[in-house]
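K.L.:
Chains as they are written, first to last, in the working numbering: chain A, 1 to 389; chain B, 1 to 389; chain C, 1 to 389; chain D, 1 to 389.
Quick caveat, the hints were computed from the structure, so don't treat them as lab data.
C-beta: ideal position from N, C-alpha, C; glycine also.
Treat the hints with caution; some may be incorrect.
Unchecked claim - No more than 30 Å apart at the CA atoms, straight line, and that leaves these computed lysine-lysine pairs for DSS-like:
| hint | chain 1 | residue 1 | chain 2 | residue 2 |
| --- | --- | --- | --- | --- |
| 1 | A | K383 | B | K279 |
| 2 | D | K279 | D | K239 |
| 3 | D | K383 | D | K102 |
| 4 | D | K279 | D | K102 |
| 5 | D | K279 | C | K383 |
| 6 | D | K346 | C | K383 |
| 7 | C | K132 | C | K120 |
| 8 | D | K346 | D | K239 |
| 9 | A | K383 | B | K132 |
| 10 | D | K383 | B | K279 |
| 11 | C | K279 | D | K383 |
| 12 | C | K102 | C | K120 |
| 13 | C | K239 | D | K239 |
| 14 | B | K279 | A | K239 |
| 15 | B | K102 | A | K279 |
| 16 | C | K352 | C | K132 |
| 17 | A | K102 | A | K383 |
| 18 | B | K102 | B | K279 |
| 19 | A | K239 | A | K120 |
| 20 | A | K102 | A | K279 |
| 21 | A | K279 | B | K346 |
| 22 | A | K239 | A | K383 |
| 23 | C | K279 | D | K239 |
| 24 | A | K279 | C | K120 |
Said to hold, decoys possible - Facing chain C, a subset of chain B residues (Cβ under 7 Å, in silico):
| hint | residue |
| --- | --- |
| 25 | D268 |
| 26 | P289 |
| 27 | R293 |
| 28 | E327 |
Said to hold, decoys possible - To list a few chain B residues with every Cβ distance to chain C over 12 Å, as calculated:
| hint | residue |
| --- | --- |
| 29 | L41 |
| 30 | L60 |
| 31 | R69 |
| 32 | E125 |
| 33 | Q189 |
| 34 | W192 |
| 35 | G221 |
| 36 | R251 |
| 37 | G307 |
| 38 | R314 |
| 39 | R382 |
| 40 | F389 |
Protein chains: 4
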Amino acid sequence: MAAEQVRLDRALRYGMVGGGPGAFIGDVHRRAIALDPNTTLVSGVFSRNHESSMETARALLIDGARVYRDYREMATAEAARDDGIDFVVIVTPNVSHFEIAKAFLEAGIHVVCDKPLTTKLEDAEELGRLVKSTDLLFGVTYTYTGYPTVKYARELIRSGALGPVRFVNAEYPQEWLSQPAEQDEGNRQAGWRTDPAQSGASNCVGDIGTHVENMVSYVTGLEIDSLAARLDSFVSGRKLDDNATIMVNYRGGATGVYWSSQVAIGYDNALRVRVFAEKGAVEFAQEDPNYLRVTMLDAPKQLISRGRDSLGSRGDSLIRIPAGHPEGYFEAFANIYKTFTGALRKRLAGAKLDEVDLDFPSVNDGIQGVRFVTRVVESSQRKSAWVNF
Amino acid sequence: MAAEQVRLDRALRYGMVGGGPGAFIGDVHRRAIALDPNTTLVSGVFSRNHESSMETARALLIDGARVYRDYREMATAEAARDDGIDFVVIVTPNVSHFEIAKAFLEAGIHVVCDKPLTTKLEDAEELGRLVKSTDLLFGVTYTYTGYPTVKYARELIRSGALGPVRFVNAEYPQEWLSQPAEQDEGNRQAGWRTDPAQSGASNCVGDIGTHVENMVSYVTGLEIDSLAARLDSFVSGRKLDDNATIMVNYRGGATGVYWSSQVAIGYDNALRVRVFAEKGAVEFAQEDPNYLRVTMLDAPKQLISRGRDSLGSRGDSLIRIPAGHPEGYFEAFANIYKTFTGALRKRLAGAKLDEVDLDFPSVNDGIQGVRFVTRVVESSQRKSAWVNF
Amino acid sequence: MAAEQVRLDRALRYGMVGGGPGAFIGDVHRRAIALDPNTTLVSGVFSRNHESSMETARALLIDGARVYRDYREMATAEAARDDGIDFVVIVTPNVSHFEIAKAFLEAGIHVVCDKPLTTKLEDAEELGRLVKSTDLLFGVTYTYTGYPTVKYARELIRSGALGPVRFVNAEYPQEWLSQPAEQDEGNRQAGWRTDPAQSGASNCVGDIGTHVENMVSYVTGLEIDSLAARLDSFVSGRKLDDNATIMVNYRGGATGVYWSSQVAIGYDNALRVRVFAEKGAVEFAQEDPNYLRVTMLDAPKQLISRGRDSLGSRGDSLIRIPAGHPEGYFEAFANIYKTFTGALRKRLAGAKLDEVDLDFPSVNDGIQGVRFVTRVVESSQRKSAWVNF
Amino acid sequence: MAAEQVRLDRALRYGMVGGGPGAFIGDVHRRAIALDPNTTLVSGVFSRNHESSMETARALLIDGARVYRDYREMATAEAARDDGIDFVVIVTPNVSHFEIAKAFLEAGIHVVCDKPLTTKLEDAEELGRLVKSTDLLFGVTYTYTGYPTVKYARELIRSGALGPVRFVNAEYPQEWLSQPAEQDEGNRQAGWRTDPAQSGASNCVGDIGTHVENMVSYVTGLEIDSLAARLDSFVSGRKLDDNATIMVNYRGGATGVYWSSQVAIGYDNALRVRVFAEKGAVEFAQEDPNYLRVTMLDAPKQLISRGRDSLGSRGDSLIRIPAGHPEGYFEAFANIYKTFTGALRKRLAGAKLDEVDLDFPSVNDGIQGVRFVTRVVESSQRKSAWVNF
């Protein structure tokens with residue numbers, strides 16, 4: 001089930017919007033892309049402040065002539081070049097994703113956009129229509145589905161070996177907003193995420209709860225039928241949620257509970273998904289991603305080790321080093337890009353893309369994530385009423 | 001804060017109702033009591049079937065003259081003896097707890113009763129009134145509060161060191177009812193627990209969810225203000241719940257989520273309580289009870305080790321062996337009894353009992369547990385509506 | 001492979017030498033015995049100081065008439081009674097084990113003795129001859145072989161499922177003597193153990209290294225052919241070893257390394273045995289005794305859970321409670337006694353004892369332990385020369 | 001203590017010898033280098049077979065004109081170019097390291113060489129002299145010292161906070177050679193490593209035991225005074241060792257034991273270092289590298305988390321992503337290169353290098369590693385006699 005690789009005789013070229021000084025996630029995207037050879041950053045608008053943008057370009061040894069004043073100029077100029085970028089990476093705060101993505105799609109340039117896709121559901125849906133009409137590739141960096149162990153969990157459940165899923169318990173606790181960090185001016189990450197003007201209607205669910213939704217959907221294939229949510233805002237003065245509890249009913253009778261939190265002292269980034277099915281169960285913990293816990297009824301608990309035990313053809317194809325040499329977050333991220341760029345190379349070579357080629361988070365995953373945030377906020381505002389998805 | 005011990009010049013004498021052949025929990029009570037010296041089983045009705053009851057007595061070398069045909073006869077006869085039992089232990093299926101406990105209280109005999117206290121809230125409340133009017137000691141074996149690490153978690157939170165509690169995530173997953181075990185005639189445990197006639201209105205919440213409620217209440221001191229619950233019954237043909245998700249709002253603004261399950265493949269008896277407060281967090285996992293995880297903001301995570309690190313005076317007083325020599329479930333159980341019998345010895349010696357002496361689960365804890373089950377069932381029947389506690 | 005149980009119509013009676021105020025291990029023996037019904041303490045010399053001894057008797061509600069001034073008087077008097085003790089438990093410091101055990105054997109009384117059996121090899125061998133000539137039962141409390149998971153590890157290896165053993169890595173680190181605790185007068189445990197007059201030629205190897213030897217021998221069946229040892233004494237002023245590294249060659253070509261330490265800060269009582277064979281490996285960690293890690297070549301690592309997964313008939317017969325309810329050190333200890341008293345009941349009933357009945361550490365295990373300590377000290381004194389066992 | 005960074009206005013250029021099709025470690029070096037920006041592969045001899053070499057170049061989009069027939073030609077040609085490589089990376093089998101490193105040093109080119117440095121001690125020492133006389137930078141990729149947690153362990157011990165080190169227990173178990181994998185022709189990794197002609201006098205110690213030596217030396221600063229070693233070869237037909245037990249005496253009185261194995265079923269790559277000092281202890285496990293366990297006497301055990309808790313200025317400077325986003329093997333490797341290329345940039349800019357700049361494994365570390373392998377083999381051949389280091 002590994003994607004067949006097409007080799008071009010040149011490197012892929014990409015540009016970036018966002019990712020300037022002090023930004024965290026732009027740097028992550030660049031390093032993740034660099035883990036695999038032959039994809040090169042050549043252009044960008046790294047900051048709204050052009051001088052900052054140029055400073056980033058100098059640090060990265062990027063030709064200043066391809067550093068633009070804004071994303072519209074960039075989309076137009078790069079689309080016009082013979083050696084223009086093959087795709088753009090959008091890593092700005094949530095609120096600007098929509099306009100930027102739209103601009104590049106309209107310029108005919110493939111897009112990778114950070115999550116959540118947009119802050120409004122109608123914007124996300126418009127992007128979905130644009131992707132369809134332009135037939136361009138569009139990836140959304142729900143990083144955690146890039147882990148080979150996650151791919152294997154999905155494959156296990158799809159195979160039917162565990163029987164139908166009954167219950168899902170998924171959580172994503174962090175501690176980093178336990179204090180009013182947004183009141184510290186130097187903390188840009190906390191600042192924009194807890195600001196409705198930049199982050200949208202939700203902080204905690206938009207930032208990390210949406211990962212929970214995406215992971216469960218990816219691993220189990222379950223579709224949410226309805227949900228009942230309670231959003232908490234525990235830190236005094238905070239404008240958005242920092243803790244969320246969500247009961248979920250799936251189509252077909254399975255149920256679940258999601259918890260995400262940014263005030264969970266003792267937890268760094270502890271996304272964990274537990275899926276209980278009729279004949280077995282599987283458990284993935286993001287902070288220990290080289291292992292997967294699988295238990296079948298009437299058999300001992302198994303600790304599946306990436307690289308030692310087979311993770312299925314899809315998982316095995318996304319491993320860069322033998323077992324016991326820990327792979328981590330960058331490799332998961334790189335796997336999203338490896339799949340996306342693999343598909344793009346095939347597209348550029350005129351080959352047809354199949355399901356495996358397209359095994360990266362799509363615009364539809366992005367739309368579903370925005371819908372999830374929207375429905376959660378809606379239920380919470382209605383005293384945790386059950387809301388149809 | 002350790003309870004002062006009073007020594008009698010004789011062993012305490014106890015009787016048991018229930019705990020005959022095939023029963024699991026009666027044996028546990030007997031062993032737990034035996035872990036500490038000087039409390040002796042001398043009487044009982046171990047089964048409704050008198051011959052079975054006598055067989056148990058012979059196996060335990062108990063005088064057949066004090067094995068009775070039913071609990072009423074036992075209460076009357078033992079109350080009349082000079083060397084009658086000091087207390088009775090009730091370990092029958094839930095539905096009979098009330099009548100039996102009532103009979104012994106009315107006979108003037110102290111009582112230890114297994115949880116849940118009763119299957120109906122009004123019965124539990126009547127027991128509460130009886131305990132008050134008779135001034136007898138009454139314990140309910142919510143075992144898990146007996147762990148010294150749990151005592152320490154409570155003490156930490158009470159001390160204010162962690163600041164006010166914000167959020168509680170507590171869970172109790174088991175796998176043992178993943179299949180329709182109640183359809184196997186030999187499986188008495190599964191049979192009565194999933195039978196409304198013996199178990200009451202809930203299986204999963206009554207059996208294990210009530211432990212979650214009790215533990216959170218004990219550790220945090222939080223009082224439930226309202227709850228919204230969803231009960232699932234995943235196994236075909238099952239008459240009662242086998243999985244429960246409960247959102248809780250506490251008085252004062254803290255919130256929580258409880259999950260208990262008997263279809264959680266891969267989990268044996270994994271009660272876990274995580275309490276997140278403003279300045280720190282504490283985590284207890286029943287399957288690893290010799291350790292407590294404590295994290296304070298801005299300091300490394302600590303692994304508190306029973307016996308190595310101080311667990312406060314109450315916790316330290318309930319340790320029987322140095323660190324690294326694992327204590328387990330029987331010791332937790334024994335600590336409930338050690339405290340109960342310590343109080344009883346004091347009472348018999350005419351001493352006054354203080355709060356530390358009474359640090360075992362009381363009839364009020366039992367009532368609260370039954371109220372919890374009642375409210376959960378009520379919310380679930382009303383499509384997870386919020387129900388005042 | 002479970003031992004068939006014989007039921008007597010009376011409780012077994014035992015006496016104890018040692019175990020008075022401040023002693024740690026006597027209390028452990030008493031509680032472990034009490035975990036199973038029908039074996040009662042009725043006599044003792046709990047201390048050299050008779051008043052202390054009487055105080056212990058009063059605390060335990062033991063008839064003062066059967067508390068003796070010394071062990072010789074006790075052996076004679078109890079042997080003469082119709083209701084005399086069935087067996088004696090010896091829990092004094094190492095140096096007196098020999099004389100006391102000899103006295104009871106010569107009085108015709110069965111014996112359980114703490115480890116190490118003696119401080120001199122010739123004494124141990126003399127006890128071996130006495131046991132043979134008297135045909136009495138003799139147990140040595142190498143506690144850790146009592147864990148059901150250890151029984152299963154042994155059974156796995158014996159079954160041949162893992163193939164021949166190649167290498168053993170066994171360790172027993174503790175931290176409790178990291179400081180000169182023996183200079184604190186109140187610390188009796190540290191005092192006698194580091195005193196050659198009471199402890200013999202070795203502290204660390206005699207106290208805990210001998211457990212390592214016994215466990216490896218029990219689990220693997222390997223016989224030591226030769227060894228090379230280095231003893232360290234890290235704490236200033238300490239007269240005996242507090243850290244030991246031992247390379248072992250077994251008959252048949254397997255090799256091993258043992259490490260035991262009392263200066264290993266961060267470790268409480270962390271006995272761990274790892275056995276690597278041709279086709280698989282097994283790992284037991286005493287601080288997590290409800291689980292066993294088993295890995296077969298070309299299959300995922302398994303976490304065997306006591307109570308959930310079968311531990312073979314011998315292991316399964318020594319479990320008192322379902323999986324997930326942690327059993328610990330007392331249960332392991334109780335299993336030694338359960339097997340010993342089971343054999344004794346059979347003997348008293350005139351039944352024949354088979355291998356399973358005798359699955360408790362014997363006088364021969366005790367002799368081997370003393371030989372191990374002797375050879376280790378010898379090698380260490382000869383600059384870690386290889387010494388034949 | 002972070003190294004000050006110098007920025008050049010161009011990328012560093014490097015070449016590679018080895019790392020062609022089927023090679024594992026060359027790919028690792030390339031990816032690790034790529035994790036940080038601005039160091040580019042431009043030249044190489046990737047295989048002895050020129051066509052294979054060219055195939056690698058095409059896959060990596062490297063100019064064929066700079067792919068050479070052998071390393072001598074490459075050294076000469078690159079040294080002659082204005083845009084020649086700044087440094088070479090040597091990733092061939094052990095036996096050829098010496099000649100290749102020598103050629104590049106003599107051509108005036110900086111070198112990074114895989115470990116072990118050479119197969120003969122005199123060759124390693126000659127490289128040491130050459131590095132000194134040429135004043136070129138020379139790195140040896142002892143990867144595991146690149147973990148930020150390892151840097152912090154070193155800093156903790158250096159600071160004196162733990163007091164003097166008493167004992168070290170370090171191990172490196174793997175399972176991958178449990179079977180005669182070298183008899184499978186397709187397994188090039190097993191083939192050359194177990195072949196004395198390519199690997200030198202030791203397989204297991206040369207390949208992984210030398211990492212143990214390097215890590216302990218780096219973390220503790222201890223110098224080996226003497227050692228006694230036993231090498232085992234458990235797999236039938238194997239020409240070199242696959243398991244090694246080594247007792248070590250350090251200068252100053254500390255002692256240690258090292259175990260490395262390639263037949264340890266259940267272990268992937270489980271390098272672990274435990275250092276016990278007078279007042280505390282520290283433990284690092286390579287398979288869980290984002291955490292460090294630190295225990296001080298009389299305080300709870302701490303779990304230090306990379307990114308959450310400070311790892312000292314050196315460790316903190318080598319982190320690329322916040323806590324809870326696992327970093328792994330590639331990041332450790334990248335840290336060796338980040339430090340090496342940082343030093344090289346400073347050198348090229350004419351700046352002076354200080355101790356922090358040079359905090360990567362040096363030729364002297366490489367020499368010490370070869371000496372370690374040599375002494376271990378010597379002791380083993382002399383029946384584990386103590387050998388001066």
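K.L.:
Each hint should be assessed against the structure and marked as holding or not.
P.N.:
Results of checking the hints against the structure:
no., hint, in the structure
1, A:K383 / B:K279, "holds, 28 Å"
2, D:K279 / D:K239, "violated, 44 Å"
3, D:K383 / D:K102, "violated, 35 Å"
4, D:K279 / D:K102, "violated, 45 Å"
5, D:K279 / C:K383, "holds, 28 Å"
6, D:K346 / C:K383, "violated, 50 Å"
7, C:K132 / C:K120, "holds, 19 Å"
8, D:K346 / D:K239, "violated, 45 Å"
9, A:K383 / B:K132, "violated, 39 Å"
10, D:K383 / B:K279, "violated, 59 Å"
11, C:K279 / D:K383, "holds, 28 Å"
12, C:K102 / C:K120, "holds, 14 Å"
13, C:K239 / D:K239, "violated, 45 Å"
14, B:K279 / A:K239, "holds, 20 Å"
15, B:K102 / A:K279, "violated, 44 Å"
16, C:K352 / C:K132, "holds, 16 Å"
17, A:K102 / A:K383, "violated, 35 Å"
18, B:K102 / B:K279, "violated, 45 Å"
19, A:K239 / A:K120, "holds, 18 Å"
20, A:K102 / A:K279, "violated, 45 Å"
21, A:K279 / B:K346, "violated, 52 Å"
22, A:K239 / A:K383, "holds, 18 Å"
23, C:K279 / D:K239, "holds, 20 Å"
24, A:K279 / C:K120, "violated, 58 Å"
25, D268, "holds, 3 Å"
26, P289, "holds, 6 Å"
27, R293, "violated, 15 Å"
28, E327, "holds, 5 Å"
29, L41, "violated, 9 Å"
30, L60, "violated, 5 Å"
31, R69, "holds, 23 Å"
32, E125, "holds, 31 Å"
33, Q189, "violated, 9 Å"
34, W192, "holds, 16 Å"
35, G221, "holds, 26 Å"
36, R251, "holds, 32 Å"
37, G307, "violated, 7 Å"
38, R314, "holds, 20 Å"
39, R382, "holds, 33 Å"
40, F389, "holds, 29 Å"
The structure shown violates the earlier hints numbered 2, 3, 4, 6, 8, 9, 10, 13, 15, 17, 18, 20, 21, 24, 27, 29, 30, 33 and 37.
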